[in-house]
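> Each chain is listed here by its residues.
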Amino acid sequence: MISFSQVYKRYPGGYEALRNISLNIGAGEMVFITGHSGAGKSTLLKLLTAIERPTSGSVVVNGQNVGALRPRAIPFLRRNFGLVFQDHKLLFDRTVFDNVLLPLNIRGFRRGEAARRVRAALDKVGLLDKEKARPVTLSGGEQQRLCIARAIVHRPAILLADEPTANLDAAYAGELGSLFQSFNQVGVTVVIATHDENLAARLRPRVITLRQGGLMTTPEEAAAT
Amino acid sequence: MRIWLSQHARTLGMTLGKFFRSPVASLFNIGVIGVALALPAGFYVGLVNLQSLSQGLAAAPQLSLFLALDASRADIAQIEGRLKQHAQVHKFKYVPREQALADMKAGSGLGDVMSGLAQNPLPDAFVVDARDSTAQSLEKLREEINNWPKVAHVQLDAAWAKRLEAVLKLGQLAVLMLTTLLAFALVAITFNTIRLQILTRREEIEVAKLIGATDAFIRRPFLYFGALQGLAGGFAAWALIWAGIYLLNNGLADLSQLYGTTFQLHHLNPADSLGLLLFSAVLGWFGAWMSVGRHLSDADRR
Ligand SMILES: Nc1ncnc2c1ncn2[C@@H]1O[C@H](COP(=O)(O)OP(=O)(O)O)[C@@H](O)[C@H]1O
Ligand SMILES: [Mg+2]
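Chains as they are written, first to last, in the working numbering: chain W, 1 to 225; chain L, 1 to 302.
Hints are supplied without guarantee of correctness; some may be wrong.
Pairwise CB distance ranges, derived in the manner of DEER restraints [to be verified]:
1. Phe28(L) - Ala133(W): 29 to 35 Å
2. Leu196(L) - Ala201(W): 15 to 21 Å
3. Thr214(L) - Ala120(W): 34 to 40 Å
4. Gln6(W) - Leu278(L): 55 to 61 Å
5. Gly126(W) - Trp242(L): 40 to 46 Å
6. Arg201(L) - Leu23(W): 24 to 30 Å
7. Arg116(W) - Ala239(L): 40 to 46 Å
8. Leu278(L) - Arg116(W): 39 to 45 Å
9. Ser22(L) - Tyr11(W): 36 to 42 Å
For lysine-lysine, the following BS3-like pairs were computed, each having C-alpha atoms within a straight-line distance of at most 27 Å [to be verified]:
10. Lys130(W) - Lys93(L)
11. Lys150(L) - Lys140(L)
12. Lys140(L) - Lys93(L)
13. Lys84(L) - Lys132(W)
14. Lys89(W) - Lys124(W)
15. Lys132(W) - Lys89(W)
16. Lys18(L) - Lys89(W)
17. Lys150(L) - Lys84(L)
18. Lys93(L) - Lys150(L)
If you're looking for bench data, these hints aren't it; they were derived computationally from the structure. All residues carry an ideal CB built from backbone N, CA and C; glycine is no exception.
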C-alpha cells in the first residue's frame, strides 16, 4: 500500500532530513514512526501526501508514484488519507460541526448524507454534544479528538497522525490510543509519528525508528536477519 | 451531475450568506460599483434620447439646386419633371433668378451694388424637401441631382444635422472611453475585495488544500462572490438611472405644460438593461478570477 525506496529528502537550506529510506507498509497495518525530535518523522508523513517531494528515490502510494504526480492529481491522492496534523489546523471561526464537514464538502457529499456522517464521526470521538461549539472552547484533548473526527469522517483507507498525543496527559493519551486501535481493527491502515513510548508499549504496533534522517533497524528485525 | 449542481447551489447559498453577514461593507461596495457603472450608462441613455430627439427635429431637411446660368426654359421644365417623379422628393419650390435677385436686393442692403450690375449674376434655383432625413440618404440624393444636366451645384441645407451626428459620434466615443475606465475600476474593486477575503480565509484555504480540495473547489466561492457583487452593482446602477430619468421626466412634464409640447425621456430598454447587468456580472467574475489566480499561486509558493 505504501512503499519508500531509497528516498532522500534535502530541504532548500541544504539540510538532509531523510536519507536512504526504504520501507513497506501493508494495508491494514498499524505502524509507529518514532525517533528524537528532528529525526525526520513529520517529513516522512509529508512525503506521503505530496506536501513535500522527495529529492531522490520514490514514494509509492496505492501504486501511484507520489513524487511524479501532476499538480492536478495531488488533491485526489490526498483524498486517500485522513490527516491529523501536528499543529491541529482547526478553523477557529467555524463550529465543531463545520470543521468536520469540510472534508465532505470538498468531496461533494450531499447535505443530508454529509450531516449524518459528521454526527457519526463526532459520536465516535465523543464530541456529539459539542457540535455547535467553537473549537476555542474545547480542551486540548477535545481539540485533538476533533482533529481525529475530521480525519476519519470521509472513511479514508489510511490514517496519518503526527504527534497526536503531544501535550496530553497519560490517561488522555491512552484513550486516543484505543481510538486509533479501533480504526485499525476495522481495516484502516494507521501510521502515527510519535515519541510517546507509553503509547507504543500499550498498542504494540510495528515500530519504525528514525535517527538523524536514517532508518534504525529494530532489535526484532536485527534478530530476524 | 447532481452532486455538481448541489455543490454550486450550496456555494451560491453561502455566498449570499456572506453578503448578509457584513451588510454595510457589501452595500458600500455595491454602491460604489453602482455609481461607477451609472456614469457611463447614464451618459449612454442621454445619448440615445438625444438621438431620437434629433431624428424628430431633422424631419424637414432641404436641398438647394442651383442651375447653370445658360439653362433654358426647356431645361428648367425637364428638371421640374424629374423632381416631380423622384421618390425621395417630398415637395419642391421653384425660385426664378429674377426673384432671387429681388430678394437679395431687398434683404441684404446691397441694393445699390446690385443695381450697378449689367447682368443678373444669380442662377435659377429649386428648393427641395427630401422625404428621408438621414444624412446618408440626403447625401446620396445630393450626388444624384448634381449629375443631372444643367444643374450647376446642389447645396445640402442640413449641415447642422451632420454636425449633430458628428457630436453624437463623439459622445459615443466618450461613453466607450468612460465605460472602459470604469470597467477597470469595477475589476479593481472586485480584485481588492476578493484579495481581502482570501487573506481572511487563508487558513481555511490551506487546510482545504491539504485534505484534498481541488483548485476549482477553492476558487468557486470567490468567483461566485465576484459575479454576484458585480450583478448587484449593475442592478444598483440600473436603479440609479431609472430614478434619475423618473425625476427628470417629472421636471419635464412641468416644462412641457408651459410650452404646450410633450417631451419625455426614455428609460433603458430591456435589451440594454440586460446588457448592463450581464456586463457588470462578467466584470465582477473577471476581477475575482484575476484575484484568485494571483493570490492562490502566492499561497502555493509560501
Ligand atoms: N520546511 C523545512 N525547511 C527546512 N528544514 C526543515 C523543514 N522542515 C523540517 N526541516 C528540518 O528537517 C529536520 C526534520 O524535521 P521533521 O521531519 O519535522 O522532524 P520530526 O518531525 O521528527 O521532529 C529538522 O532538522 C528540521 O529542522
Ligand atoms: Mg514532527
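> Hint by hint, say whether it matches the structure.
Here is what the structure says about each hint:
no.: 1; hint: Phe28(L) - Ala133(W): 29 to 35 Å; verdict: holds, 33 Å
no.: 2; hint: Leu196(L) - Ala201(W): 15 to 21 Å; verdict: violated, 50 Å
no.: 3; hint: Thr214(L) - Ala120(W): 34 to 40 Å; verdict: violated, 25 Å
no.: 4; hint: Gln6(W) - Leu278(L): 55 to 61 Å; verdict: holds, 57 Å
no.: 5; hint: Gly126(W) - Trp242(L): 40 to 46 Å; verdict: violated, 59 Å
no.: 6; hint: Arg201(L) - Leu23(W): 24 to 30 Å; verdict: violated, 38 Å
no.: 7; hint: Arg116(W) - Ala239(L): 40 to 46 Å; verdict: holds, 44 Å
no.: 8; hint: Leu278(L) - Arg116(W): 39 to 45 Å; verdict: holds, 40 Å
no.: 9; hint: Ser22(L) - Tyr11(W): 36 to 42 Å; verdict: holds, 41 Å
no.: 10; hint: Lys130(W) - Lys93(L); verdict: violated, 96 Å
no.: 11; hint: Lys150(L) - Lys140(L); verdict: holds, 19 Å
no.: 12; hint: Lys140(L) - Lys93(L); verdict: holds, 20 Å
no.: 13; hint: Lys84(L) - Lys132(W); verdict: violated, 90 Å
no.: 14; hint: Lys89(W) - Lys124(W); verdict: holds, 20 Å
no.: 15; hint: Lys132(W) - Lys89(W); verdict: holds, 18 Å
no.: 16; hint: Lys18(L) - Lys89(W); verdict: holds, 23 Å
no.: 17; hint: Lys150(L) - Lys84(L); verdict: holds, 17 Å
no.: 18; hint: Lys93(L) - Lys150(L); verdict: holds, 17 Å
The structure fails hints 2, 3, 5, 6, 10, 13 (numbered hints given earlier, in ascending order).
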